[in-house]
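Trainee: Each residue of the sequence shown is one higher than the one before, starting from 1494 at the first, in my numbering.
In case anyone wonders, no lab produced these hints; they're calculated from the structure.
Given the structure is predicted, the values throughout are model-derived calculations rather than measurements.
Just so you know, even glycine gets a beta-carbon here, dropped at the ideal spot from N, CA and C.
Label pairs and their calculated CB-CB ranges:
{"id": "1", "residue 1": "1551", "residue 2": "1531", "range": "25 to 31 angstroms"}
{"id": "2", "residue 1": "1531", "residue 2": "1580", "range": "26 to 32 angstroms"}
{"id": "3", "residue 1": "1527", "residue 2": "1547", "range": "17 to 23 angstroms"}
{"id": "4", "residue 1": "1511", "residue 2": "1572", "range": "18 to 24 angstroms"}
{"id": "5", "residue 1": "1548", "residue 2": "1517", "range": "25 to 31 angstroms"}
{"id": "6", "residue 1": "1551", "residue 2": "1580", "range": "17 to 23 angstroms"}
{"id": "7", "residue 1": "1510", "residue 2": "1546", "range": "17 to 23 angstroms"}
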Amino acid sequence: MRLRRLDLTRYGHFTDRSIDFGEASPGEPDFHVIYGLNEAGKSTSLAAYLDLLFGIEERSNYGFLHSYQTMEVGGIVDLAEGRAELRRCFPRRPFPRSVQDDVLPR
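Could you put the whole structure together from the sequences, leaning on the hints where they help?
Mentor: Structural data, given as structure tokens:
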């Protein structure tokens, strides 16, 4: 799995921001280093990626600007089977949903 884009829609101090890692170049190293000043959002971006993969916790530390009910993180990942667009919102819903908000089969 390769993260292609991370969308910080409403997460931490970010609103409608994306980090685009671009296409992988075949035969080239594919490694990204994220660096910046203190309080620039490096740890927030890492937490958003983990929340994208595993879900936003009920008592997230990143719900201070946007209410917990409106928090949202998304992204595009490249998988062996193809590309997938993901989105996580709070609160957790009982059924998985597509980016179009359709209920997906379990």
